[in-house]
Amino acid sequence: MEKEIISSRQFMIITLLFSIGTAILIIPATIAKAAKQDAWIAAIIGVAISFLLVKLYISLGKRTPSLTFIEANEKILGRFLGKFTAIGFILLTFLSSGELLYFIGIFMKTEVMPETPTMAFALLFSIIIVYAAFLGIEVFARSAEILFPFFILIFIVFAVCITPQISFDNVQPILETPKKFLLYSIIRFMSIFSFPLVVLLMLFPSVVNVQKSAQKGFYIGTIIGGIVLIILITLCILVLGPSNTASRTFPSYALAQRISIGNFLQRIEIIMAGMWIASIYIRTFMYFYASVIGVAQLCKIQNHRPLILPLGLLMIGLSQIIHPNIVHSNVYNNEIWPIFSAIFTVILPLTLLIVAKIRKIDGNSQGENSNENQTNNNNHAQQDSENNSHNASEGDSHTESDSKNDAQDENKLELESQKGNKPNENDVKIDQDTNDH
Amino acid sequence: MTLFILVITSIIAFAFIPQLKKKKETKTIITFSIILLFATAINIGIALKLKIPSPLDFITFIFSPIRDLIVSLTK
Chain A
70 MEKEIISSRQ
80 FMIITLLFSI
90 GTAILIIPAT
100 IAKAAKQDAW
110 IAAIIGVAIS
120 FLLVKLYISL
130 GKRTPSLTFI
140 EANEKILGRF
150 LGKFTAIGFI
160 LLTFLSSGEL
170 LYFIGIFMKT
180 EVMPETPTMA
190 FALLFSIIIV
200 YAAFLGIEVF
210 ARSAEILFPF
220 FILIFIVFAV
230 CITPQISFDN
240 VQPILETPKK
250 FLLYSIIRFM
260 SIFSFPLVVL
270 LMLFPSVVNV
280 QKSAQKGFYI
290 GTIIGGIVLI
300 ILITLCILVL
310 GPSNTASRTF
320 PSYALAQRIS
330 IGNFLQRIEI
340 IMAGMWIASI
350 YIRTFMYFYA
360 SVIGVAQLCK
370 IQNHRPLILP
380 LGLLMIGLSQ
390 IIHPNIVHSN
400 VYNNEIWPIF
410 SAIFTVILPL
420 TLLIVAKIRK
430 IDGNSQGENS
440 NENQTNNNNH
450 AQQDSENNSH
460 NASEGDSHTE
470 SDSKNDAQDE
480 NKLELESQKG
490 NKPNENDVKI
500 DQDTNDH
Chain B
274 MTLFILVITS
284 IIAFAFIPQL
294 KKKKETKTII
304 TFSIILLFAT
314 AINIGIALKL
324 KIPSPLDFIT
334 FIFSPIRDLI
344 VSLTK
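As they're listed, the protein sequences go chains A and B. Residue 292 in our numbering sits at position 223 of the first sequence; the count goes up by one each step and never skips. Residue 345 in our numbering sits at position 72 of the second sequence; the count goes up by one each step and never skips.
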């Protein structure tokens, strides 16, 4: 099977839309339930802490530059234990993909088409996802690139149109919430916004074109996604008020229904719904793709394509049984999901990083890279120019970008070894930081 | 409905298994068949309106002691 490569700009867009994902639909309700009118403060703190998590993921990704997260598990933790944690991770991603299908179904059923069964939406939506999985990650990345400008355009229109309705009485009094509830809402916010970013480790080191700028893309994608969510939560609080926001299942949809400019431009919420359908599509696909690749790599299968249809069929079934009702889903998302996901998305990467440090797995021990040492110097000069023009050339030339990627890995490793202890110090700092939280 | 699901399953099976057999990928065939059978069983169960427990109930059962611990710690 040929290796698929995406550019770092596409990776940034995937990060952005993935981090927004379902959060855009349900997070104002969950965060306003605990933090009331201070929800926006909780969101800002949550986005700030998310940077530490992204740093953790990047430094873990750097340790295993050519492996996905599942392979890294097996390499770092050893065969048996690594398989065990990998199964847990696949369970997390696969259950989440089923859950997101449930979300899209229940959203369409409660808000848009009340008499259509959720199975219809789940079936139609999963056909798109299965098709995208068949075409592979490159095609998906290009589709994300197409969706991105529409997403931003709709979001800006949305934010501008709702501003006449703002009333600042809703955010007062500021900072009245007890610290305990603020902490809860920060954790709930992060569990939906930034914990799942670990799924992107299935893409980040191994299929990205230029790793250095992809790291920047990881940060930029997270911060833009965070800003979008902060704006959305603030608007929900400002327009709907904290108690109204908390009692809605899909507050941002209720927010879109309030849009009314001169009693003329009204009821445009379904256009707004296009925004979150796009972001949920990105997120569901990433979860599904991660579980397909995960199962294939767990069973050491070369070609993952035959597994897509059975897993898709299983995902449709899962979406119907995963939550019997909306109360079940609320309880799960607010109480169990933060713990369940924290184990596999915060504690597991942290353990992997520490174990990799102890076992001295630093990316240097990759056998296949040693062959390219001779060609490496030749590529050195070309690379600066290629970095600038990689967007133009990617996609057209598989083999070229492939060798480019490998060569860049090698360069990065060289740089790291020249620096000596410096990256290690950084890692220690990260460990301490994340332990503090 | 059950028949429809069975038809879809057999189409998927007939589309993939002969190809895989030609390439002699036994491991893929086994994984493929296990997942496909499981998926078919669940979908038929849904079509017959059987009560299938949610897999999240199991996860809730595992993690609720930890939740109770965290709640009691932050009180």
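Rather than coming from a laboratory, the hints here were simulated on the basis of the structure. There's no promise every hint is true.
Dumping the calculated BS3-like pairs for lysine-lysine here, alpha-carbon to alpha-carbon at most 25 Å [said to hold, decoys possible]:
#1 Lys281(A) with Lys124(A)
#2 Lys295(B) with Lys72(A)
#3 Lys72(A) with Lys297(B)
#4 Lys102(A) with Lys248(A)
#5 Lys300(B) with Lys152(A)
Hint by hint, work out which the structure violates, then give me just those numbers in ascending order. Violated hints: none at all, because every hint is consistent with the structure.
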